[in-house]
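Visitor: Okay, here's what each chain looks like letter by letter:
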Amino acid sequence: MQATVASVSLELQHEVEQFLYHEAELLDDRRFDEWLALFHPDAEYWVPMAWKQPDPHQHISLIYENVEVLRMRMQRLKELAALSQRPFSRTCHQMGNIRIAENDGKNLVVRSASIIVEYRRDDQRTFAGHVVHKLRRHGNSFQIDLKRVDLLNCDTEHGHIRISVPF
Amino acid sequence: MPNTAPIPDIAIEDLVREGRVSRRLYTDPAIFQLEMQRIFSRAWLFVGHESQVRKPGDFFTARLAGRNVIVSRHTDGKIYGFHNRCTHRGAEVCQEKFGNRSSFECPYHAWTFGTNGDLLSLPLPRAYNDNFRSRKSEFGLEQVPRIGSYRGFIFASLRPDGVDLPTFLGADVRAAFDNFVDRAPDGEVELAGGKAVQRYHGNWKLHFENSIDFLHPSILHRNAIDAADHTFGHRDPEEAPLEVDLVRANGLTLGEWDRVGVKALERGHCWSGGFIQDTVDTDHEHITGAAAKKKPDTPAQKRYREALVRRHGEERTNEILGFKRHNTLVYPNLFVNSGVQRIRVLHPTAVDQTEQHSYVFRLKGAPEEMFRIAVCVVTQSNTPSSIVTTDDHEALERVQEALNSGDREWVEVSRGLGREKPAADGITAEGTNELLIRNQHKAWLGYMTGAL
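Just so you know, the sequences run in chain order B and W.
This note's numbering applies: residue 1 is where the first sequence begins, and numbers increase by one.
This note's numbering applies: residue 1001 is where the second sequence begins, and numbers increase by one.
If you are wondering where the hints come from, they were derived from the structure by calculation, not from laboratory data.
Hints may contain errors.
Derived DSSO-like pairs (lysine-lysine); straight-line CA-CA distance at most 30 Å [as the list claims (entries may be wrong)]:
| no. | chain 1 | residue 1 | chain 2 | residue 2 |
| --- | --- | --- | --- | --- |
| 1 | W | K1195 | B | K134 |
| 2 | W | K1324 | W | K1364 |
| 3 | W | K1078 | B | K134 |
| 4 | B | K106 | W | K1421 |
| 5 | B | K52 | W | K1324 |
| 6 | W | K1302 | B | K52 |
| 7 | W | K1302 | W | K1324 |
| 8 | W | K1302 | W | K1195 |
Take the sequences, apply the hints, and build the full model.
Guide: Here it is as structure tokens:
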């Protein structure tokens, strides 16, 4: 692990961190079109429903969508008429422990930890997850090929209540 | 036996009238306690599937009317159900959700039980007196009074007597399970792909009623339908992914919803006609009047159909795939969807707390793609992040909250009263008729007064 950490330049680490912070800000600000624009057209967004789920096709997931279907999900949030988003959720996406696990110059695998706090209708909820971003170089920034969020309570039986804003 | 005497100040018979019910059905904790005794502890309830206990020693744990039970295949080949509670000091004997064991050893003091529940051994046997030793056979794990299967689907009942499982289900519900299994080219299905759990702060009946209420989808789900149209409306419908079809299916006109027929059955069961473009049969001419909405079969769907034809022949295959139902509801808590290989179970945990557990099945002998589709349907529709059912559950919570407000006692369910038509083994009506809700209330009254 020491070698991996040493091989990442401060500049790249900074660049990746800023990208993830920006992504979190877009979600918290409900700038969903800009958030979607971070994804490559062939990207996938995945929130497994089993711990360390190996495959999105052999087991039910909380969310497993390509960008097209994700666009429908986000469009619904923009319509402002969804009963489960009246009033809409306030969120705070906190990103930490950001490590560049793989980097071949064009494609990166970034691992991080995320705490997401959601407030709605007098109820505050906390989610925690291990996050993987697969990123590709795109101009002077990145595009997301895959965002995977493994929630600690992905398979809870008693805790699951509506999830509206992505993690 | 459950106590069927009315508790003070509640006359059960007065709570259900023609076309209306008391809000206390949804809000009163005392009523909820009675329901657990008189409905959930008397009816046959779904606990699992035989594919979970193929070999001797295979077991899984399940919830049965709020109890924690073990369902196990014994060396005699039979399936046993017993309470997951040590007969010594009451500890939970088995902590795993499923597995294979030759015996169940209690982790607290090592009393050990066979896969049929019999007490096999216990520490310090000589420390017990003759009285205990003569009664040792009474210390097996407490058996669930009745357990049985229909086409591989395992049900249990806490009531020792009463109608058998096939009679309880009735012909129309059995047909849903028959269709479920007949869709498998090898004639067998297996539970796979995990479980999706959704929870809401509302009474269990609200969801059971909502699932066959066809006035609400085009109203409550309007914004999801609009989002689907906005994102995909300009595209050829043939290119729309399954997730979009599932959302758009809610957007029928009220006239179209009426043509989705419904049928009320004995004991509160019912079914509603198909409306979701399911995976292989998408002939919706009977609803929309528009021909050729059917998407062409994918190569996997073509191979699936061919496999069915090899087993059943062309005519029978058309019958199986043409089974036009969406939900078949088994009162009080089960949804059967044979077209998308899905089972859903409601577990009430309090008067205002309910969980729904959704399961997917693999059709043996079908291309793997068919299972992927079924997994996709549950991921999209039955998880806490669904863009459709999250609004259902939000609505149910708003009902639960608001019902407590004001002096008005009654909830109105009279739409379509008098417009029903008698049919073989039941009553049919147009889709937006509230007949099925009234039929559930009729069964509720039957169970609660001891008539069922």
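Visitor: Confirm or reject each hint.
Guide: Taking the hints in turn, this is what the structure says about them:
no. : hint              : result
1   : W:K1195 x B:K134  : 28 Å, holds
2   : W:K1324 x W:K1364 : 22 Å, holds
3   : W:K1078 x B:K134  : 50 Å, violated
4   : B:K106 x W:K1421  : 67 Å, violated
5   : B:K52 x W:K1324   : 38 Å, violated
6   : W:K1302 x B:K52   : 34 Å, violated
7   : W:K1302 x W:K1324 : 20 Å, holds
8   : W:K1302 x W:K1195 : 28 Å, holds
Checked against the numbered hints given earlier, the structure breaks hints 3, 4, 5 and 6 and satisfies all the rest.
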